[in-house]
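S.K.: Chain by chain, the residues run as shown.
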Amino acid sequence: MASTLPSDFADLEPFADWAVPTERARYDKRVASTMDELQTFYDAAFPRLDDAMAYLEQFEMDALPEDAQHLLWLYCSLVTVSFPVEVWRQPRVPDSGASTFDAVVEPAV
Amino acid sequence: MPHFEKPAEGSWTEHYPELGTADVSYHDSISPEWYELEREAIFRRTWLNVGRVEQLSRVGSYFSKEIDAGKTSIVVVRGTDDEVRAFHNICRHRGNKLVWMDYPQEETSGTCRQFTCKYHGWRYGLDGQCTFVQQEDEFFDLDKSDYGLASVQTEVWEGFIFVNLDPSNTTPLRDYLGEFGKGLEGYPFEKLTQVHRYRAEVGSNWKLFIDAFAEFYHAPVLHAKQSVADESRKLQSYGFEALAYGIDGPHGMVSSWGGMSPPKDPEMVKPIERKLRSGLFGPWDAPDLGLDELPPALNPARHKAWGMDSFVFFPNFMVLIWKPNWVLTYHYWPTSYNTHIFEGTCYFAPPKNARERLAQEMAAVTFKEYSLQDGNTLEATQSMLESSTPISTFPLNDQEILLRQLHTTARRYVHEYQQGQPSSPAPVPA
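Each protein sequence line maps, in turn, to chains D and W.
Just so we're aligned: the first sequence equals residues 1 to 109 in the working numbering.
Just so we're aligned: the second sequence equals residues 1001 to 1430 in the working numbering.
If you're looking for bench data, these hints aren't it; they were derived computationally from the structure.
Among the hints, erroneous ones may be present.
Claimed, not checked - Taking beta-carbon pairs under 7 Å as the criterion, some of the chain W residues facing chain D (in silico):
#, residue
1, S1145
2, D1146
3, T1193
4, Y1198
5, H1223
6, A1224
7, K1225
8, K1275
9, L1358
10, K1368
11, L1372
12, S1392
Claimed, not checked - Here are the in silico distance ranges between beta carbons for each label pair:
#, chain 1, residue 1, chain 2, residue 2, range
13, W, G1060, D, D67, 34 to 44 Å
14, D, M35, W, T1111, 31 to 41 Å
15, W, G1095, D, M35, 49 to 59 Å
16, W, P1271, D, P14, 21 to 31 Å
17, D, P14, W, K1264, 35 to 45 Å
18, D, D67, W, M1384, 18 to 28 Å
19, W, E1293, D, P14, 32 to 42 Å
20, W, R1174, D, M35, 24 to 34 Å
21, W, E1416, D, E86, 47 to 57 Å
22, W, R1174, D, A108, 26 to 36 Å
23, W, E1386, D, A98, 16 to 26 Å
24, W, H1027, D, E86, 39 to 49 Å
Quick caveat: nothing in here was measured; it's all calculated off a predicted structure.
Every residue, glycine too, gets a C-beta built ideally from N, C-alpha and C.
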């Protein structure tokens, strides 16, 4: 997804395709990625996590500007990607085979 | 030597002598005939939770619910008088499914002023009364007041909407939920309106997934690869012991410690958990829900290490209440003797900012990753229970008491149903 992040986070613009609005799509993108791709995104985004939270905390949840929404979704993707990068070394959780567990209700933002 | 005190009998299981301590048969989880009996005896005769009042936010809000095990689909709706009602989802004219969108077997929700059948345009008010018949003059002395929707007993407990498919049921919901239900009243469920719901089709008998979530004996082993390595080894060497178990009628509960929210040592958890201050046990910084004192059913041992209580409301509804002020519910909807649909729903306080939002995302996604492992393992269990091995009974330990209780209760409901039938078929051994 083409998206524009707040200007303070221009360094993350190459990863703007991770600003995905739903958990299901974030998960699908993770499973379709290689460990190298996940690691590269994690290595770029994780060190800016504190900055991103400080930036996002300026806004009420129901008044997030569009670029801040993108930043939030990108960091939701970091949550999704953190599991394989920090622990499993593979995109799917071990011993989960072909099983699925799909989000059917989730917050709009 | 137990870390936490057990009852005077020496074990939780022996504290409830009707459960016995013998090995347990799992024939009740692999028999299509037995499942048909469970549908009649259990799913058509007990109170089933189908949702929460927040799903019906205003007059005319509705949702449909497929209850395959109860052999019906229902529609639940808030009326103009604000009452929540449920009806069998069938048009009174010629049996078409009344409420559906695009795919008749998929659940749907929305808001309407009345229900209109897609087939011949018959209309029903939110109270189920038939209000319009297309070409009414063509019928023979048809009185619309005789052709309202078939209603289903509906009651609300603490914002949870329950239905009972048995028209002759005389047990009020609150009585059915018993001491655990009464002991949870006053918990501020209504303040936890930020919802993350997951759904999975699982290739196992419905009771096997309740088994998996009604014991934590498996947690340090099956989920070992979810933790940092040192922590994982430590958890496995400790094993799991509950603070307390309770049984009341058909229902059960387990009370657990919760040392990870927040952890004693930040090095015990993953880097992202340290940053977001969240993980499997939920966000570490609890929102203020104005809860001065826990309702009496929570933390029954009044233990200072308390972290979470898990209530199994028979037959298929679990409520987990976590110390950092969030709630998780599980529903298990059978679709055959060896398949079911699992729903897991996280309820959080609405996040005030994106930091809280990310902490909740961390908790919800962690729950998902654990559940993927649980669900897949169940299919491995189901396939071997069904295989023709010479093994038919299995030992259950004291930390698996709620499994013993679940299977005992389900068998009792089936046997009582069979005894109440004038021409009941021969009992299926289980």
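S.K.: Taking the earlier hints as the rules, which of them does this structure contradict?
M.R.: The structure breaks hints 1, 2, 3, 5, 6, 12, 14, 18, 19 and 20; every other hint is satisfied.
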